[in-house]
Structure formats: structure tokens, C-alpha cells
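Peer 1: Residue-level listing of the chains:
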Amino acid sequence: MYSSELIKGTLKTIILKLLSESDKMYGYEITQKVKELTGGKIQLTEGALYPTLHALEAQGILSTDVVNVGNRIRKYYSVTITGKQIAKEKVNEYSDFIDTMIFLLDLKPKMG
Amino acid sequence: MYELSKDQVDFILEDVRRNGIKTEELQLSLLDHICCVIENEMSPDKNFDDYYRSVLPRFFKKELKEIQEETDLLLTFKHYYAMKKVMLRSGMFSAITFAIGAIFKIMHWPGASVLLQLAIISISFIFLPIFFLIKSKEVKVVQQKFIIGFGVIFGILFCLSTLFKIMHWPGARFMWLLALGVLFFLFLPVFFFSGIRNPDTKMNTILSSIMVVIAGGLLFTLTAIYGAKYKEEAIEIADLHLKNVTIFASSSLDDKTNKIEIDSLVRIELKQKTEKVLNNISEVRNSLYKYLGEGKSVNEEELLMGYRNDYLSCHQFFFKSYTRNPEKDLPKEILIHLKKELKTYQSYVNQYFKISSKSILNLDNQNRTFDGKSVKTDWEHIYFSVTPFETIVRNLNQLEIDIRLIEASCI
Chain A
0 MYSSELIKGT LKTIILKLLS ESDKMYGYEI TQKVKELTGG KIQLTEGALY
50 PTLHALEAQG ILSTDVVNVG NRIRKYYSVT ITGKQIAKEK VNEYSDFIDT
100 MIFLLDLKPK MG
Chain B
0 MYELSKDQVD FILEDVRRNG IKTEELQLSL LDHICCVIEN EMSPDKNFDD
50 YYRSVLPRFF KKELKEIQEE TDLLLTFKHY YAMKKVMLRS GMFSAITFAI
100 GAIFKIMHWP GASVLLQLAI ISISFIFLPI FFLIKSKEVK VVQQKFIIGF
150 GVIFGILFCL STLFKIMHWP GARFMWLLAL GVLFFLFLPV FFFSGIRNPD
200 TKMNTILSSI MVVIAGGLLF TLTAIYGAKY KEEAIEIADL HLKNVTIFAS
250 SSLDDKTNKI EIDSLVRIEL KQKTEKVLNN ISEVRNSLYK YLGEGKSVNE
300 EELLMGYRND YLSCHQFFFK SYTRNPEKDL PKEILIHLKK ELKTYQSYVN
350 QYFKISSKSI LNLDNQNRTF DGKSVKTDWE HIYFSVTPFE TIVRNLNQLE
400 IDIRLIEASC I
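Residue numbers (numbering that gives the first Met the number 0), protein chains in the order written: chain A, 0 to 111; chain B, 0 to 410.
The set of hints was computed from the structure by calculation and includes no laboratory data. Just to be clear, a hint being listed does not mean it is correct.
Said to hold, decoys possible - Covered, in the sense of this in silico footprint (three residues per stretch, anywhere, with C-beta under 8 Å from a C-beta of chain B), are these stretches of chain A:
#1 4-16
#2 60-70
#3 85-99
Claimed, not checked - Calculated lysine-lysine pairs in the DSS-like style (CA-CA distance at most 25 Å, straight line):
#4 A/89 <-> B/84
#5 A/74 <-> B/5
#6 A/7 <-> B/61
In this text, a Cβ means the ideal position worked out from N, Cα and C, and glycines have one as well.
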């Protein structure tokens, strides 16, 4: 499992990428999905997840859908049209960042 | 899969609330999440209470309300970057407009006051308020928030008092004194005592405080007490004078016994003498305009447009030196000459028309208070010493009206 500092900077990107690839998801589902996809290497902490989800909603990047589940309410999140664009930008930026880090830390010397 | 009862769900919701989660949205989000964790991850043989207690720490480092604080922070700073951008742009705009406006003003080009107004309005109503919002969120200590707050209030009042002053709107002086009050009695004490406690900032705090006191004090001495006191006094004198003239004019018109048959020759002589004195007054006025216009012949309107109301320049024109002491400040030839002419005219009128013009034109020495002590002051000093441009023009105009009144009452 990676340290929370490493995950913190990528949280928005992870959430946006996951949500833009599926129809809608709720908070617990997001954490489980990430855990499943990374084989438990990345576990989103709830303490960071919900503030980010609420902020993204307030910014109009995410829209929500409220559904009654048993005795409680469940909030489903989905990406708006502007959010999809931002998700794409975030992923591109991050991929560029990774390339730079690989080069900077000399992890995989460039061939040729 | 474990199934939660309604009581258990209510218990979790109540516990989340109790632990400092205030907004309903967040309460419901966390409730669903905790319920999901328990339903999916707890084996049916385990105790609900124990499991719940063990799940909860996954949500925080120290306390559950961290989530609420983090959410609040992210939500309040929703417009952070937009605000920062507006702040920087309005700051740049104000600085550039102010610099250009100042150059225009010095050069007496048209448009100076529009530029200065724009700069001051954007700095006091856009830049400084946003500066306060952003900076006060960035600092954690309460005193620091107060320092920023008082600083911003001082800044806004200072800018607005400058605007009011250059636009000649009423209230500039009051606002300026209020700004100084905020600076000296609110900003400085908080700044000084909070900074001096920290050994790292002690030295800088003392130095900054000294500089603030010096700069504020200098501005205060330059603007607030001196000019305003004299200006108001001068206006008061002019107004009293006008009142006297009106009373005299109406009483002399009523007084039928004073009427003398005047033959046309005397009438012509009176007219000539009157014109001569009036010419003298115009001469004084024109040479003052020329002096303030730096050698170029300009009129009153142009001078007022350029706000050349500096009482020191006017004083320098009428008196050789600047000492603020009526006994040492010697009037220049131009004033002595005018006074002589006025006296000649006065005695001529007294002699031939038996009219005492004293109540209109009082050229005698009077007792005036300077720095708390009563000093015998001559006519030149009362009307021309340390007096703003507008008031001097007003006094000269008044003098012309007085002469005309005397002439009218003779005929």
C-alpha cells in the first residue's frame, strides 16, 4: 500500500477517471473498485475521498443522484460533460508527469 | 451479508453527528459508507458495536470532524484561484492606472482625475477586500487576522480620503482622521504586541512599527492639522465679512439723511478712483495666477483644474519668507502697494462723501490667535498669510465687491 502523501495528489484524477468510465458510482463502490483494480496497493482513505467528492460536486464537475437504499440514502456520483473534459486533461497531465518522474529519477533510462 | 436494522442505522447517524459532522450531505454520505463497510465486511457472528468502533478510525487520523473541516476548506476555496486572479489583475490595473494618472496630474493633462478615480476605486473596492478574504484565510492565528483586517480598513479609508480630497468632496478630512485612528489605535497595538512576543519577529516588528509611526505622523502633520485649520478660519472670516457688508449696505440705503447732492464732476472723479483701486486688485490677482502658473499667464479656472491650491505657494508669493510668524513674515511690495491704495481710497471717500467705509473695509490691525497666544495682526496677514488659493481668490473677489458697494453707497 502506498503512502497517503502519494495518493493525495492523484485522488482527483483517480476519481474522475473511474467515474468517467462508468455510468455512476457511490463512495464505497469507488474505494472498492480502486482496491480491486490495484490489487489492494492503492486504498483510498474515506477522510480524503468525501471532501474531494463534495468539492467536485460544488464545482459542477460531478453531478449526483440520490437513491433510497433500505433505511438510508445513497448518493451516486457521475461525471458531467465539463467534468469529462477535465478528467481527460487530468489523465494526460498525470501521464506526462509520470514520464517526467521516470526521467528525473532515472528509473528507466531512455533508449537510443 | 450482515443486515443493519433501522435502530442501528439511526445510531450510526447520531454518532456521526455527535462527532462533529455538521452538514447533512456529508452525514448521509458517511452513513451510507459506514453501513456498506459493515454490511460487506463484517462476519455475521461478530458484535455490531465492537465492529462499528473498529471501523470508525478508518475515516480519520485523530477525530471524525477532520472530514468536515477538510470539506469546508475545499468548498470555501472553490473560488480561490478565480479570486486570486481577480486580486492580482485589479492590483496591476490600479498600480498602472495610478502611475499614469499621477503623471497626467503633474503635467496638468486632461483625464488625470478619471484615471486616479478608477485606480482608487479598483484598489479600495476590489483589490483590498479580496486581499483580506484570501490572506485572512491563509493565516491561522487570530491576531494575524486582525492585523490584516485593520490594515485593509486603514488602506481603504486612506485611499478613499485621498479620492475625496482630490475631488474636493466633503468628508475627506474626517475619513483621513478615521484612517489614522485605525492605524494608530487598532492596527499598531495588535501588530506590535503580537510581533514582539515572538523572538524571530521581534526586531522586524520594532523596526516596522517605528516606520509606521514616522510615516503616519509625517502624513498627519502635512495634511490634517495645519492647512485645514487655516482654511476654515479664512473661510469663516470671509463669511463674516460678507454678512457685515450686507448689513451695512441695507442700512446706508435706508438712511435718507446721508444723501448728498453729487454733481457730475465728483461722480466722474469717484468713478476714476474706484477703477484705479479695482485695477490694483486685478493686478494682484493676475500676478498670483502668473506665479502659480509657473510664469505662464493662466486663469483661475485653469489653476483650480490643476488644483494648485497649495497655500505654501500662495504664501511664498505674498511674503518673502515662510516663518508662520506674523511679526517676522514681511509682505512683498505688491501687498503693501495694494493696502496703500485701499487706504487712499478709503480716506477719499470719508472726506468727500462723509461715509465711513470702515465697517466694509477694515484695514486696521486686529488681534488674532497664533499658536495659542494673541498677536496683533495686520490686514495682509489676516487675508493672505498661509491661506489656500481658493480662499485668496475669494478674498480678492470680496474686496472688489466691497469697493463697488462703497462706490454705490456714495452715489
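Peer 1: Taking the hints in turn, state whether each one holds.
Peer 2: Hints, verified against the model:
no. : hint          : verdict
1   : 4-16          : violated (count 0)
2   : 60-70         : holds (count 3)
3   : 85-99         : violated (count 0)
4   : A/89 <-> B/84 : 21 Å, holds
5   : A/74 <-> B/5  : 19 Å, holds
6   : A/7 <-> B/61  : 18 Å, holds
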